[in-house]
Amino acid sequence: MKKNMIMVFLLTAAVWVFSAPPSLLAQSVRGVTDTEILIGQWGPQTGPAAPWGAVARGTGLLFKGINDEGGIHGRKIKYFLRDDAYQPVKTKAIGKEFVEQIGVFAVVGGVGSACGMTNRDYFMESKVVWVSPATGVYEWIRPFQKYLFAFYPLYDDEAYALTAFLYEKMGFKKLAIFYQNDDYGKQGLMGVERYMKEKNIELTAKITAEVTDRDLSTHALKLKNSDAAAVIMWVNPTHGALILGESAKIGYRPQWSTTNTLGDAPFMMGITKGLWAGMIHSHYGEYPDSKNPLMEKYRAWHQKYEPKERWGLNYYAGIMFAEPLVEGLRRAGRDLTVDSLVKAMETLSGWRGIGMPLTFTPTERQGGKHVFFAKVNADGSITKLSDWVKITK
Amino acid sequence: MLGQLIVSGLAVGFCYALLALAMVIIYKTSDVLNFAQGEMAMISSFMAFVFLESYQLSFPLALALTLLFAAALGALLEFVFLRPAKNPTVIGMIIITLGFEMILMGVAGWKWGPDQRNLPFPIPSFETYNFAGLVVSKINFWTIIVCLVLIALLFLFFQYSKLGTAMRATQQNRLVARLMGIRTKRIFSFTWALSSIIGAVSGMFIAALTVLDPPMMMDPLMKAFASAVLGGMTSLPGAAVGGTILGVVENLFGGYISLPFKSVVAFAVIVLMLCIRPSGLLGKHFVKKV
Chain A
1 MKKNMIMVFL LTAAVWVFSA PPSLLAQSVR GVTDTEILIG QWGPQTGPAA
51 PWGAVARGTG LLFKGINDEG GIHGRKIKYF LRDDAYQPVK TKAIGKEFVE
101 QIGVFAVVGG VGSACGMTNR DYFMESKVVW VSPATGVYEW IRPFQKYLFA
151 FYPLYDDEAY ALTAFLYEKM GFKKLAIFYQ NDDYGKQGLM GVERYMKEKN
201 IELTAKITAE VTDRDLSTHA LKLKNSDAAA VIMWVNPTHG ALILGESAKI
251 GYRPQWSTTN TLGDAPFMMG ITKGLWAGMI HSHYGEYPDS KNPLMEKYRA
301 WHQKYEPKER WGLNYYAGIM FAEPLVEGLR RAGRDLTVDS LVKAMETLSG
351 WRGIGMPLTF TPTERQGGKH VFFAKVNADG SITKLSDWVK ITK
Chain B
1001 MLGQLIVSGL AVGFCYALLA LAMVIIYKTS DVLNFAQGEM AMISSFMAFV
1051 FLESYQLSFP LALALTLLFA AALGALLEFV FLRPAKNPTV IGMIIITLGF
1101 EMILMGVAGW KWGPDQRNLP FPIPSFETYN FAGLVVSKIN FWTIIVCLVL
1151 IALLFLFFQY SKLGTAMRAT QQNRLVARLM GIRTKRIFSF TWALSSIIGA
1201 VSGMFIAALT VLDPPMMMDP LMKAFASAVL GGMTSLPGAA VGGTILGVVE
1251 NLFGGYISLP FKSVVAFAVI VLMLCIRPSG LLGKHFVKKV
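Chains as they are written, first to last, in this note's numbering: chain A, 1 to 393; chain B, 1001 to 1290.
No lab work stands behind these hints: they were computed from the structure.
Do not rely on the hints blindly, as some may be mistaken.
To be verified - For each label pair, taking beta carbons as the anchor points, the in silico distance ranges come out as: (1) A:Asp121 x B:Leu1148: 37 to 45 Å; (2) A:Ser381 x B:Ile1276: 20 to 28 Å; (3) A:Lys304 x B:Ser1054: 22 to 30 Å; (4) A:Thr212 x B:Gly1099: 19 to 27 Å; (5) A:Arg253 x B:Pro1088: 48 to 56 Å; (6) A:Lys146 x B:Pro1278: 56 to 64 Å; (7) B:Pro1088 x A:Ala378: 53 to 61 Å.
What the hints assert, rightly or not - Mimicking BS3-like on lysine-lysine, the simulated pairs with C-alpha atoms at most 30 Å apart in a straight line are: (8) A:Lys92 x B:Lys1185; (9) A:Lys222 x B:Lys1138; (10) A:Lys76 x A:Lys90; (11) A:Lys174 x A:Lys273; (12) A:Lys146 x A:Lys76; (13) A:Lys273 x B:Lys1138; (14) A:Lys304 x B:Lys1111; (15) B:Lys1111 x A:Lys308; (16) B:Lys1028 x B:Lys1138; (17) A:Lys169 x A:Lys384; (18) A:Lys64 x B:Lys1028; (19) A:Lys273 x B:Lys1185; (20) A:Lys90 x A:Lys127; (21) B:Lys1284 x B:Lys1028; (22) A:Lys78 x A:Lys92; (23) A:Lys174 x A:Lys146; (24) A:Lys76 x A:Lys308; (25) A:Lys174 x A:Lys369; (26) A:Lys169 x A:Lys146; (27) A:Lys308 x A:Lys297; (28) A:Lys96 x A:Lys78; (29) B:Lys1138 x A:Lys206; (30) A:Lys308 x A:Lys273; (31) B:Lys1185 x B:Lys1162; (32) A:Lys78 x B:Lys1111; (33) A:Lys291 x A:Lys308; (34) B:Lys1111 x A:Lys90; (35) A:Lys76 x A:Lys92; (36) A:Lys390 x A:Lys199; (37) A:Lys186 x A:Lys343.
Think of the CB as a built atom: it goes at the ideal place given N, C-alpha and C, for glycine as much as any other residue.
Throw the hints in and build the complete structure from the sequences for me.
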């Protein structure tokens, strides 16, 4: 009997050991082998937020191009893209899979504040380096997280700067906000209200929408009745299109303005039947047709590897978010560890890929602090209205 | 503001009404709540988009082909998935429709991707009529008119046509209908086809009023369900009245009471109706003698 018990124990132990991924068996640094670096990202490939899923696919394009150029210090990037359908419960499970089953070295991007928050503490405890969560909320930098490097401009500061731009530079004195009823929308509202409070002025209306709402006729009517000359929007692309349509139907055409999240002007022009023309919004990176040499190179990769993907902001934002990680991996050298990557990331100072200038230090994890403002033309192109503006002190 | 709220409420309410009618027709025939109704309408709207955009067909031809497709899709669901079900219970049938809904959503995501699109529509989206100071967009106006006409035609069809009478007979007593020579299996297929056609019209209007994308019918389907419960799950006029009332009440609630809670009104209606009058405003409450 005792002999049998020992046999069962040994067999169970053997199954447990050999069922672990090979990458975990023979490596000292999780997710790093002699030939590979394992990196993960989630993104909604299905469900209502699926248009933002292009971000994770854009990152894949960058890694493909880098691998074809020989990788980084002799290692190829092995990329794991998982669909969380914008559901935090699924994101949490994906985070567990990344760490405990695949054993990734780092995580990049990741759409959704609530989705990302399900994994933030877990990644930090597991010493997973996470670069560029794809939203601009304070939760990434407060409290300070050693292994988390935020790229995205903070919504609060961006909204503050956009309101100031409309009020001071464009001369709009009656302002309203239309925002999504979640962390993303509320941090936009926070920035707008902060500015208004400082100037001791009142918003003419604060109109909110639920993510699932499809009928925005009442919202449009309330905005019209507020008589706002300019409306700031902090919503998703569908709501951006719907509110412009509903407002046009009742003859209300204020100056619309919005966050970089809705910065894919050609796409928005298409779904709004041209109503997007005249929109003022902030940007944190190059235009789609920019002549920047890096953009030329990435567009060539796009044609070579993924010509069926639409070359839009969401897609190449995936490249933008992963560039700082790639730069960090290059600077960390062949002797790659979590600590060497963190130290390398902290040397980025005013560094630019195709996005805004980035700076990280041992005490600063909000790398992106700049945007510029632009206006959408009738053909979907944009005209710059300002130079880079530093929005975060 | 009141007039404006009522007009836009009517436009969206009639779309709910059409979708609710589609659900009620099936429910009356087979006691099945078709949770795939929204996605069937979404797929049909995407087909309209393909006919109009990819094949550049004229709108009347594209519409005819779309309705044909919708009919085939409805009949297919009934013939391929529901009919072969062994000893089907109502719950089992509902789960089959839920599965079909997920399949359709997956197909749409795979085929057309997640991006929003514009459904080309013959009625201008942003031009308006002005009725004594009341600004009504042309698309809202014609949505109301077309839905009203369609609802009236449906009532005439059920009341006076031979096929409509056969459908009502099958709904009332399947066994007796069969004894009277009605081919009830065909009636079932036709019911699903007709329901899918009505849903497709509703879907096309919703796509024209909003945007076309795979999740476009999630919210309207819940509202249509609430409309059907409000009007009475077994009453065709009830579904039409329920949808119209819900559209207007939602807008008035959002306009005068609370915008954040506007979308909750539909669910409050479901709960209230089920507590106070489970058979709905116009539904008949059946009492079984034991």
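Which of the numbered hints above does this structure break?
1, 2, 8, 16, 18, 19, 23, 26, 37
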